[in-house]
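Trainee: Residue-level listing of the chains:
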Amino acid sequence: MLHGTLKARMLEIFRFRMYFYVIVVAVAFFILSLQVINLQLIHGTEYKNRAKSNMENYVPIPAPRGEIYDRNFRPDEPGIHIVTNRPSFNITTIPARFKSKSEFKKVLKILSKILGMKDEDLKLEMKDRNPWERVLLIEDVTLESIVKIASNQHLVPNIDWEDAPVRIYSYSNMFSHLVGYIGSISLSEYKARRNEGYKYYHKIGKSGIEKEYDSILRGRDGFIRRVVDVKNRTGGEDVGQKPIAGNNIILTLDYEVQKRAYESMGDLNGAVVVIKASTGEVITMLSKPDFDPNHIIAKDNSEIIKELMNDKNHPFLNRAIQAKYPPASTFKLVTAIAALETERALPSKTYYCQGKYTLKGTVDRDFYCFKPHGSVDLNNAIAQSCSVYFYQLGQLAGPLALMKYAGYFGLDEKTGIDIPGEDQGFIPSKEWKYKNFGQSWYDGDTVNMSIGQGYLTTTPIELANLLAAIINNGIVYKPKIIREIRTPDNKDVIRSFAKDRLRETPLSLITINAVKKGMRQGVIDGTQSQLSLLKIQAAGKTGTAQTKSVRKEDSSQHAWYVGYAPFDGPPEKAYIVCVMVEFGMWGATKAVPIAYDILAKMDKLGYFK
Amino acid sequence: MMKRDAIYKTDYLLVIAVALLAVIGILMIYSSGFDPIDKVNSGLYKKQLLWFIFGFLLLTAVTFINYQLLGDYSLHIYGICIALLLFTIFFGRPVRNTRAWLNLGFFSIQPSEFMKLGLVIVLGKYLELRERDISNFKELLIPTLITLVPVTIIYYQPDFGTAITFIPILFIMLFVGGADISHLVSIVLIAAIALIVPMFITYREWVGVEGSNFVLDFFKDTNMLFAVSGAILIISIISYIIHKIRVKKILRRIYIPGTVISFGLLFSVFIQKYFHNYQKKRILVFLNPDLDPHASGYNIIQSKIAIGSGGFIGKGFLKGTQSQLGFLPEKSSDFIFSVVAEEMGFIGAIIVIALLAIIIFRGIQISFEAKDKFGALLASGITSIFFFHAVINIGMVIGIMPVTGIPLSFISYGGSNLIMSMIAVGILINIRMRKFVY
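Sequence lines, in order, name chains A and B. Quick note: the first sequence, position 371, residue 371 per this note's numbering, numbers continuous. Quick note: the second sequence, position 126, residue 126 per this note's numbering, numbers continuous.
Nothing false has been slipped in among the hints.
Derived PhoX-like pairs: lysine-lysine, alpha-carbon spacing no greater than 20 Å straight-line:
#, chain 1, residue 1, chain 2, residue 2
1, A, K52, A, K99
2, A, K101, B, K281
3, B, K435, A, K7
4, A, K433, A, K324
5, A, K517, A, K349
6, B, K281, A, K99
7, B, K319, B, K39
8, A, K573, A, K499
9, A, K52, B, K319
10, A, K604, A, K535
11, A, K191, A, K206
12, A, K573, A, K604
13, A, K573, A, K516
14, A, K414, A, K324
15, A, K7, B, K371
16, A, K306, A, K206
17, A, K48, B, K319
18, A, K535, A, K601
Stretches of chain B that chain A covers, calculated by requiring three or more beta carbons in the stretch to come under 8 Å of a beta carbon on chain A:
#, region
19, 169 to 183
20, 301 to 310
21, 321 to 327
22, 347 to 361
23, 398 to 405
Source of the hints: derived by calculation from the structure; they are not laboratory data. This structure is a prediction, so every number in the text was calculated from the model and none was measured. All residues carry an ideal CB built from backbone N, CA and C; glycine is no exception.
Next comes chain B alone, as it looks inside the complex:
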């Protein structure tokens, strides 16, 4: 019965959008692999084409397996991914000082890419099981730990950019899974406070803004800041204890924001004291690449020139000067969107953005209509992978997001990401096909 309906219920919108993006990607990889001076091609596009065909087969295969099986084997999947990651960190093929690739004979895979999907599956299953208790703050601990394990491993590969993408996936899934909003907001606030203070101070120092004021001096004095945040923390703890003994709702208004502020400030003291200046500056350069036209800002400026110079209709296939003449860095992977925008112009860029949006919105719709919580969570998690890859990657190349080496789903060169993304799309189709099957 499944088999006959499969064709009928297949989500062709998703399939077409994915195929179009992949084809655009292969064309652009062809273009960026072309050397107009020596008139040779790197041939990367052929590999990507093979990955795409292979990915398509996997996508089709995945639609035939009931996605609920993934939930049943979620711990196995998660375990295999973690094992692969660990294996990679010891035996991986180092590329530019990063051990992120595992050599499997004639090709390499990047386990961290599959880890994303693995994490979504295991979080989906866990949150489905704990659905009713998730509004309890303590329940957030286990999903966080589940996420932090791969994050930590990947951080030590080291691949900071990939590691950071797991955090928003966790967030979206907790949000969709029903976690208390105030808990999530508190975590975001702590992170924000922890970052804003040291960044602002570093910026002023770097740009050389003169003068000082009371507030600034306070934030610069780490000992003072430490003392103050400690004091707030102690007050929060005391009011929490009182609250536990004699329930007084008013005390919640003290210890919740108190804890948030004190933790935020404590982390900011940590960043100020233990982060190197270059690390802080690296974050700043993304905010304003013109601050340092020679460092990583160089790449972003070149990328913006490539995109901007594409204009409305683009310079034409193989005619993008920024990419063809090598001014654009990492053009087949991280900066592929710049090649699209340069050679295909605004039209090409907006088509890519629209196709990605279609996939994501369809994913959300699938999540919305899923017949069970696991399916909904799975679809949301997969959608969040695509969403954050798109926003961070495009945001980076157009100069409104930090510089992190994250691929653009379906388009960037890279087999693992493409295969993972296509399996994920297969799962989405799977969830949609089975929404009426109880």
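Okay, chain A solo, but in the shape it has when bound:
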């Protein structure tokens, strides 16, 4: 009986435990199935992609970037390559393809031996990286090195290479600000433009034309894709797509004129702009100090970039469009126009200059002219740059008219030139002064403003555009540096850029002629008499801007010259030259000789025929 009960109880325990066993097995198989579902059904696509990247050796082939030519380009005779490419290669790999870290290191060691490099040249930070992402091992190697790797491929499995043409800026510093340079895409650029096809390993234009027209220059990457096994043996045919080269760009720029201007500037800091008045084509644009874009894109560039960044003279600043200076005496043209257009004065208006002008008020203030001019009319006042004349003419016109006409000529507006980073000048207003200084607008401010001093600032390109308005009877075209886009083989034009009207500010013929005559008079027997030596008839205005930041004791003034030629030709033929020399003392002594060199060169090249 007892025996039987024990037996029954043990059977009960046994049965209970068998049920439990069944449950354990069921749960275990359920968990296995769940994970299989998770891998195959939920994350199937993800793993499919990983399997694909496992077996497919996908090597991108970067597209050669478009070349850049100057305006003398002919389809059969391209002439001046401002920017071009040289063939070069990058060596890459995908770290996760290696079975172990030690194998990876071993292969790298063999690789460096094959290439005759030191191990240290293959620096590789593995941490915090997705090991499936392609990494760059060595940049910019020659074709010979690639041949060596290809013939030893069994020793260095999983090592790939790709074309990586290197950009060549043929004229180094001469076009630095204009052409700009390229660099590795930054995270923010990548995020903003990834749906335009940019990849994290791409180079992108960082400034100048390279940046502005990056989408035209960059072309489309190709790739080679082949199925490989774990030992990098290949099964089927390579498939792929050839890269589509970027399109070429023809500039409106003239290498010859640019070169002359560049040499003429020498070591001076400043900017030169030459524009065709009737189209806005930029013939020359340079800014000093400059830099060599080839150094910026070089392999070991960090030192050079650091040096340039820390340079007190700001070599990266494109002074032609980004630097603002008081327009100084060049603004007298605006003062004259304001007075004439508002009919407060006639060109024949005469003032007597005894070297200074006293502004009457509770306290009298003296404003000086650089020399006593005696009795001057508008013509002579422009030619001689007589400040006393314009102090009074400016007061006659009144501050509101001065501000209005400065705005009329767009001195506080970007010109819209196709180079990124343009800045605009500044025209003060009564409200602005009150807001910032807590003072109302004084007559002294008007006096100062009428000779382009005080709060007024402008960029060289804006000043060049002021002259364009005078030459074209008020019509101004958007300055443009691109002329056409051509196919990579230069045969076909993809797009030509027509002139673009920026603004129209009609002026009366009397005003225009009076101002033009004054500018011409400045060449004949005024501040720019050096230009009378030219074979063509030039006209213009000098300026000497006083700045508050005195860095060099003896030359704390910026020299301006803005002029055009030919005076006697039709506006369609006119070219504007704007020269700005930082700390150039007198406009007449520093800026005018540069303008002379440029105009002489242009004449020689047949621009004025």
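Position chain B against the provided structure of chain A, taking the given hints into account.
Mentor: Structure of chain B alone, referenced to chain A:
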């Protein structure tokens, strides 16, 4: 009489499930032996086919011998297996630094595989004999020793993965055999405590988690830990002695958990002090293969890619890129399930899992209905072999179990495992056939 009923009482469900799995296995071994670039096959599938035919003959033969005879000769069987193991360790054919194979002329066998069955038979007989006393803690000693002998030999082959599979077999058999639950739970707890502490510390060190706290510092200080666990142990022993002199039930609540905790901590001190860092890391990599994509994690990642990329219907026979192009390691043996899942997709994977489940559940049913304790224990033990092979192998290739080289029953390439498994199935059929024969 037996012979006429044999056909009638044969468990066709088991036979069909086993045959299907074996056929899937042979197909997948064919696929994984194929080199798509040189267009040749390793020919392993032919060997597996021969083993399968041979195994089938043995399966059939086994059904004709009364399984109770196995019990009568259990010690002989166990002894032969142990002898073969010992022989192997001295004279075995070394493969990748492991002496697990015994060369028998034109083929090799792996005695450790047959040892699994041998252990089940001897444990089954022992537990049947000691059925009434098994709830006594002391009675657990002999089954444990019986198990530890082959485990130790196999550990020194060295084949850690195979050695470890004997432990769950022992556990299941003790459980089914009627051992006290609290004893089994205590052993599990000791093992858990011994492992969790050092693993957690290693993980934090490796991943580079900053900061510390009181608890962590305590567990890191091995001397402190040793002292504390020693103290707990002494208290437990004292309360046990008092309990023996003057029976006080309350003391059980002190010395039982005390012993468990102190032993757990002592083992954890042992692991912390005497296990190499790489050994501890190896266990960690399985938990998160992405910790080290280059080490053994590489295999698991490749396996997960193979399985995941199979999707619902798979890439097709001979079309699995992961296996065909060699990214999948050990694809005909340990990672055969990944090949199935890649080429036959979710459908194939779930069919394999289902067939294995059918065999195991049928095994449990046979155990449940067995006419005697020995048959029940034998069936449970055999089932536990299949169960743990399935869970550990599939669990490993899908990335939820440690990386150990254990074959998937009936499918993985390997004659010994297949033959052993089929003999085991033969025994299951045998037990079922005789459930009504007294």
